[in-house]
Amino acid sequence: MEFTVKQIAMLLGGEVDGDDSLVINQLAKIEEGKPGCISFLSNPKYEPHLYTTQASAVIVDRSFTPKMAVPAALIFVDNSYSAFTRLLEEYHQRIAYKRAGIEQPSHLGDDSEVGDQIYRGAFSYIGRNCRIGHNVKIYPQAYIGDNVRIGDNTIIHSGVKILDNSVIGNYCTLHPNVVIGSEGFGFAPQTDGSFKAIPQLGNVILEDFVSIGANTTIDCATMGSTVIRQGAKLDNLIMIAHNVEIGKNTVIAAQTGVSGSTKIGDNCIIGGQVGFAGHLTIANRTKVGAQSGVGKSIKEEGTSLNGSPAFELNDHFRSLAVFRKLPQLEKRIHHVEKHLNNQEQHLNHK
Amino acid sequence: MEFTVKQIAMLLGGEVDGDDSLVINQLAKIEEGKPGCISFLSNPKYEPHLYTTQASAVIVDRSFTPKMAVPAALIFVDNSYSAFTRLLEEYHQRIAYKRAGIEQPSHLGDDSEVGDQIYRGAFSYIGRNCRIGHNVKIYPQAYIGDNVRIGDNTIIHSGVKILDNSVIGNYCTLHPNVVIGSEGFGFAPQTDGSFKAIPQLGNVILEDFVSIGANTTIDCATMGSTVIRQGAKLDNLIMIAHNVEIGKNTVIAAQTGVSGSTKIGDNCIIGGQVGFAGHLTIANRTKVGAQSGVGKSIKEEGTSLNGSPAFELNDHFRSLAVFRKLPQLEKRIHHVEKHLNNQEQHLNHK
Amino acid sequence: MEFTVKQIAMLLGGEVDGDDSLVINQLAKIEEGKPGCISFLSNPKYEPHLYTTQASAVIVDRSFTPKMAVPAALIFVDNSYSAFTRLLEEYHQRIAYKRAGIEQPSHLGDDSEVGDQIYRGAFSYIGRNCRIGHNVKIYPQAYIGDNVRIGDNTIIHSGVKILDNSVIGNYCTLHPNVVIGSEGFGFAPQTDGSFKAIPQLGNVILEDFVSIGANTTIDCATMGSTVIRQGAKLDNLIMIAHNVEIGKNTVIAAQTGVSGSTKIGDNCIIGGQVGFAGHLTIANRTKVGAQSGVGKSIKEEGTSLNGSPAFELNDHFRSLAVFRKLPQLEKRIHHVEKHLNNQEQHLNHK
Numbered sequence: 000m001e002f003t004v005k006q007i008a009m010l011l012g013g014e015v016d017g018d019d020s021l022v023i024n025q026l027a028k029i030e031e032g033k034p035g036c037i038s039f040l041s042n043p044k045y046e047p048h049l050y051t052t053q054a055s056a057v058i059v060d061r062s063f064t065p066k067m068a069v070p071a072a073l074i075f076v077d078n079s080y081s082a083f084t085r086l087l088e089e090y091h092q093r094i095a096y097k098r099a100g101i102e103q104p105s106h107l108g109d110d111s112e113v114g115d116q117i118y119r120g121a122f123s124y125i126g127r128n129c130r131i132g133h134n135v136k137i138y139p140q141a142y143i144g145d146n147v148r149i150g151d152n153t154i155i156h157s158g159v160k161i162l163d164n165s166v167i168g169n170y171c172t173l174h175p176n177v178v179i180g181s182e183g184f185g186f187a188p189q190t191d192g193s194f195k196a197i198p199q200l201g202n203v204i205l206e207d208f209v210s211i212g213a214n215t216t217i218d219c220a221t222m223g224s225t226v227i228r229q230g231a232k233l234d235n236l237i238m239i240a241h242n243v244e245i246g247k248n249t250v251i252a253a254q255t256g257v258s259g260s261t262k263i264g265d266n267c268i269i270g271g272q273v274g275f276a277g278h279l280t281i282a283n284r285t286k287v288g289a290q291s292g293v294g295k296s297i298k299e300e301g302t303s304l305n306g307s308p309a310f311e312l313n314d315h316f317r318s319l320a321v322f323r324k325l326p327q328l329e330k331r332i333h334h335v336e337k338h339l340n341n342q343e344q345h346l347n348h349k
Numbered sequence: 000m001e002f003t004v005k006q007i008a009m010l011l012g013g014e015v016d017g018d019d020s021l022v023i024n025q026l027a028k029i030e031e032g033k034p035g036c037i038s039f040l041s042n043p044k045y046e047p048h049l050y051t052t053q054a055s056a057v058i059v060d061r062s063f064t065p066k067m068a069v070p071a072a073l074i075f076v077d078n079s080y081s082a083f084t085r086l087l088e089e090y091h092q093r094i095a096y097k098r099a100g101i102e103q104p105s106h107l108g109d110d111s112e113v114g115d116q117i118y119r120g121a122f123s124y125i126g127r128n129c130r131i132g133h134n135v136k137i138y139p140q141a142y143i144g145d146n147v148r149i150g151d152n153t154i155i156h157s158g159v160k161i162l163d164n165s166v167i168g169n170y171c172t173l174h175p176n177v178v179i180g181s182e183g184f185g186f187a188p189q190t191d192g193s194f195k196a197i198p199q200l201g202n203v204i205l206e207d208f209v210s211i212g213a214n215t216t217i218d219c220a221t222m223g224s225t226v227i228r229q230g231a232k233l234d235n236l237i238m239i240a241h242n243v244e245i246g247k248n249t250v251i252a253a254q255t256g257v258s259g260s261t262k263i264g265d266n267c268i269i270g271g272q273v274g275f276a277g278h279l280t281i282a283n284r285t286k287v288g289a290q291s292g293v294g295k296s297i298k299e300e301g302t303s304l305n306g307s308p309a310f311e312l313n314d315h316f317r318s319l320a321v322f323r324k325l326p327q328l329e330k331r332i333h334h335v336e337k338h339l340n341n342q343e344q345h346l347n348h349k
Numbered sequence: 000m001e002f003t004v005k006q007i008a009m010l011l012g013g014e015v016d017g018d019d020s021l022v023i024n025q026l027a028k029i030e031e032g033k034p035g036c037i038s039f040l041s042n043p044k045y046e047p048h049l050y051t052t053q054a055s056a057v058i059v060d061r062s063f064t065p066k067m068a069v070p071a072a073l074i075f076v077d078n079s080y081s082a083f084t085r086l087l088e089e090y091h092q093r094i095a096y097k098r099a100g101i102e103q104p105s106h107l108g109d110d111s112e113v114g115d116q117i118y119r120g121a122f123s124y125i126g127r128n129c130r131i132g133h134n135v136k137i138y139p140q141a142y143i144g145d146n147v148r149i150g151d152n153t154i155i156h157s158g159v160k161i162l163d164n165s166v167i168g169n170y171c172t173l174h175p176n177v178v179i180g181s182e183g184f185g186f187a188p189q190t191d192g193s194f195k196a197i198p199q200l201g202n203v204i205l206e207d208f209v210s211i212g213a214n215t216t217i218d219c220a221t222m223g224s225t226v227i228r229q230g231a232k233l234d235n236l237i238m239i240a241h242n243v244e245i246g247k248n249t250v251i252a253a254q255t256g257v258s259g260s261t262k263i264g265d266n267c268i269i270g271g272q273v274g275f276a277g278h279l280t281i282a283n284r285t286k287v288g289a290q291s292g293v294g295k296s297i298k299e300e301g302t303s304l305n306g307s308p309a310f311e312l313n314d315h316f317r318s319l320a321v322f323r324k325l326p327q328l329e330k331r332i333h334h335v336e337k338h339l340n341n342q343e344q345h346l347n348h349k
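Chains as they are written, first to last, in numbering that gives the first Met the number 0: chain Y, 0 to 349; chain H, 0 to 349; chain V, 0 to 349.
Hints in this document: simulated from the structure, not taken from any laboratory.
Keep in mind that the hints are not guaranteed to be accurate.
Identical copies go unnamed one by one, so any copy, or any two together, can satisfy a pair.
[Said to hold, decoys possible] Keeping only pairs whose Cα atoms sit at most 20 Å apart, straight-line, the calculated SDA-like set for lysine to any residue is: (1) Lys324 x Asp314; (2) Lys337 x Glu30; (3) Lys247 x Ser193; (4) Lys330 x Leu319; (5) Lys195 x Asp151; (6) Lys324 x Asn313; (7) Lys337 x Gln327; (8) Lys286 x Tyr90; (9) Lys262 x Glu300; (10) Lys44 x Asp109; (11) Lys298 x Ala276; (12) Lys28 x Gly223; (13) Lys44 x Thr280; (14) Lys324 x His334; (15) Lys295 x Asn313; (16) Lys44 x Arg61; (17) Lys262 x Ser296; (18) Lys262 x Lys298; (19) Lys5 x Leu21; (20) Lys195 x Leu87; (21) Lys262 x Phe310; (22) Lys44 x His278; (23) Lys44 x Glu300; (24) Lys195 x Leu107; (25) Lys330 x Ala320; (26) Lys136 x Val113; (27) Lys330 x Asn340.
One chain only, chain Y, in its complex shape (with noise of 0.2 Å):
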């Protein structure tokens, strides 16, 4: 796949300034651009790479001006960044292969129906009266269970687990190994110590626009659902508890957990490892820093959290710079109560 610079500026609706006839047929990052490549410039910090890459051309900002003479064909847009994206996009429809038809083996229970244009991958299962909508692609070794509700466009990755009850919507997509309604952790402890399990008799529903990152688990809840709202993104080897709630376009990053009965607002950014106590209800617009602990709800929109446990995220800096002097201030105090004690005996011998 080879297109001109000019091409690409058409394209992008863009102006050229350089040789818009050379021929690009891969994409690249600026430090990494060699002969042939495209690339962008949208963070400053990457600018002086602009002045020594190899790569052919090179999408800026029409507010940009170059400090110096650069080897590349330049292509000004509005916005550089978005503008290399939709490139990307471009591509990847281009060169991905489309997976379409049904492999065999692969089982279908009785009284499930799915749609047109499935993707049916060896191996794939799906359990009894289930409903798949168009368009919807299972990759080799999925599993869904019965009575499951899938919509349109989704894509259920290699190994993927959905299990009975469940529902996801469109657009969505679940990437490989990821488990949907497991068993949520509930027991009732017995008089002899022991635990008997709380059957758990809900289930998960994934809105639209839904991403879900490999080896994530969202249990089902104990009643009713657990709710993964319109375009929530979640990353790799995420715990999502029994009933809890993610709300719309929430991002939360990998190995962050979620207990029970925890309702996340909407348009809320979480970073990694994060740990969520049960029984919150967290503002919409909440940030929490990576590794943070949060126990506690938060009802302000807009809030910023950092720490475990998690506490606003100006006041937890200030402690932790106090934190790392710590030492000094420990012989500080001690320097002031020696010194405290002399003057007394100074003071008792007048």
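Assemble chains H and V onto chain Y, guided by the hints.
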């Protein structure tokens, strides 16, 4: 499946206050109750919902007296929580589709034997020389290696991988994508800076009534066995390293990691995202707060720990309380120093 | 498989003190030794067990002199630990059942080629246009996408998912349910608050002798490659984000996460549950303590870090020591203030 309030009261040995002819067809939380639902009130925190719930019936403790009129029929029992749990179980048993029989294709290796009433799902794999008990459910795409022993009434969910020589007890549940018996992380450093894998010849033993959450991994022992004792319950995404032992009825929340050769006692309660160093011995009934890092053995039974590194819970809380006001503390020290300095000068001038 | 003590001593180039005709049929830890077992003593901490062990033979260092009578036969060698490791390897090679051949059903896509002596387990899947080397073991239910390259002598365990365009070296081991090449977590924020996935066009490269633990996930690069260099060893449940590089012979313990574009050097030792922020560069031979959070690049080789946020190990230990006595520190400040106040009043009264 429908029952009247009267029928449910009889099942639970309770007395009805209200219309006992109402028809119940669903279970719900008290705050989500709708007509046709039965709910329960155990935690006093939820009492306000009792006076507004749309549920048709609510199970309450015999010791409870409503403070005002209740729209729902009440069923009085000794323990509302366990009564409701019992209802959940009844309900679960009646609705759950019972998997049975052998779906094809599935693999059964040479010299392996399986008991009666087994379910072997499509694309499940059983290696050589295995002994699998009665009424075991092996879901699609589960893998069982060679020389594996599995007791009666155990459930192996989809995608579970049980490696060679593992021993699984009766009434265990292994949730989807659990890995049992993977090679322990043991490497001998070589003189050139590289590492050579130390063969891991041991196995994993799960005693009876053990539950292992989705995507949790339990490594086999270098020699001997990694052991999960009777009734222990492990949540999702937990890491159990080689030669670890987890005691009877110990409960571990999600994403916790236990390093090699550590022995955790009976009836411990371990929070989520906790880390244990290797070669520790943790006394019975130890409680560890979420995100703690346990670096030392615990000798006294019933100890409560918190923090990373973890120490006694109340001491940790006291240190945390001061941590939050460290910036003020620093100011106070600064103030004292200044003050002292002024005094000094004042005294010297006298 | 049985050997006499004499035969084992010859294999290891050691000398026997005791009955060299005893028969050995098992390996065991010194504290768990029984008749017929051989064990070893390397760590002096375990020396007391030497005088009480029931093992038939114990391997010890040539430099070691027992302090009292030893019931077992002793085999003296240069390095008891490596000698024992060698025995483990011998034992492992003799007992391990060698998987070989092609089990059916299994899937091999168009234009894919596999080498000699391959094992392809039942329900394993190889996509299109793959090149798989000699003596590769692909266990049941493993998935290999399109355009994947795998070197010789590599083991792909059950449930491993290797996505399109990944490149795996020679002598690698991928433990069960590992995910290689899943889409990186990259989303472009849209003006309406939603996020759009940025196509991830890169791949993952694992060089030779790499080991990846169960349920670990390694995302593909946005462009270019996520790279795990020769001899690196990753434990279970680790998250490696897009465009990360892990250096030669670097060892990472379980449940650690590395954010996008971070480069970790050679011969680093990273504890469990550590988090790395994105876009960092970590020098060779860096050591990071368990549960640390690394937020800054490390320039000096051989640095030891600890804490969240992480700083120099010894400094962190000193701060932690004071953290534990913060409540006393606060009291001391309070005491000083009071004292100073009294003095003040005293002086004013003079």
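Structure-based check of each hint:
1. Lys324 x Asp314: both (16 Å within a copy, 9 Å between copies)
2. Lys337 x Glu30: Answer is neither; intra-copy 58 Å and inter-copy 53 Å both fail.
3. Lys247 x Ser193: between (39 Å within a copy, 8 Å between copies)
4. Lys330 x Leu319: both (18 Å within a copy, 15 Å between copies)
5. Lys195 x Asp151: Between. Shortest inter-copy distance 18 Å satisfies the 20 Å Cα cut-off; intra-copy 39 Å does not.
6. Lys324 x Asn313: So Lys324 and Asn313 pass the 20 Å test inside a copy (17 Å) and across (12 Å) alike.
7. Lys337 x Gln327: both (15 Å within a copy, 16 Å between copies)
8. Lys286 x Tyr90: neither (33 Å within a copy, 40 Å between copies)
9. Lys262 x Glu300: within (14 Å within a copy, 35 Å between copies)
10. Lys44 x Asp109: Answer is neither: 58 Å inside a copy and 45 Å across each miss the 20 Å cutoff.
11. Lys298 x Ala276: Within one copy only: 15 Å inside a chain, 28 Å across chains, cut-off 20 Å.
12. Lys28 x Gly223: Cα proximity of Lys28 and Gly223: across copies only (8 Å, versus 47 Å in one copy).
13. Lys44 x Thr280: between (38 Å within a copy, 16 Å between copies)
14. Lys324 x His334: Answer is both; intra-copy 15 Å and inter-copy 17 Å each pass.
15. Lys295 x Asn313: Both: 17 Å inside a copy, 18 Å across copies.
16. Lys44 x Arg61: Answer is within: at 17 Å inside a copy they meet the 20 Å cutoff, but 59 Å across does not.
17. Lys262 x Ser296: Result: close within a single copy only, 9 Å intra versus 35 Å inter.
18. Lys262 x Lys298: within (12 Å within a copy, 38 Å between copies)
19. Lys5 x Leu21: within (8 Å within a copy, 75 Å between copies)
20. Lys195 x Leu87: Close across copies (12 Å), not inside one copy (52 Å); limit 20 Å.
21. Lys262 x Phe310: within (18 Å within a copy, 30 Å between copies)
22. Lys44 x His278: between (43 Å within a copy, 12 Å between copies)
23. Lys44 x Glu300: For Lys44 and Glu300, the Cα distance exceeds 20 Å both inside one copy (32 Å) and across copies (25 Å).
24. Lys195 x Leu107: neither (34 Å within a copy, 32 Å between copies)
25. Lys330 x Ala320: Both ways: Lys330 and Ala320 sit 17 Å apart in one copy and 13 Å across, limit 20 Å.
26. Lys136 x Val113: within (11 Å within a copy, 27 Å between copies)
27. Lys330 x Asn340: Close inside one copy (15 Å) and across copies (16 Å); limit 20 Å.
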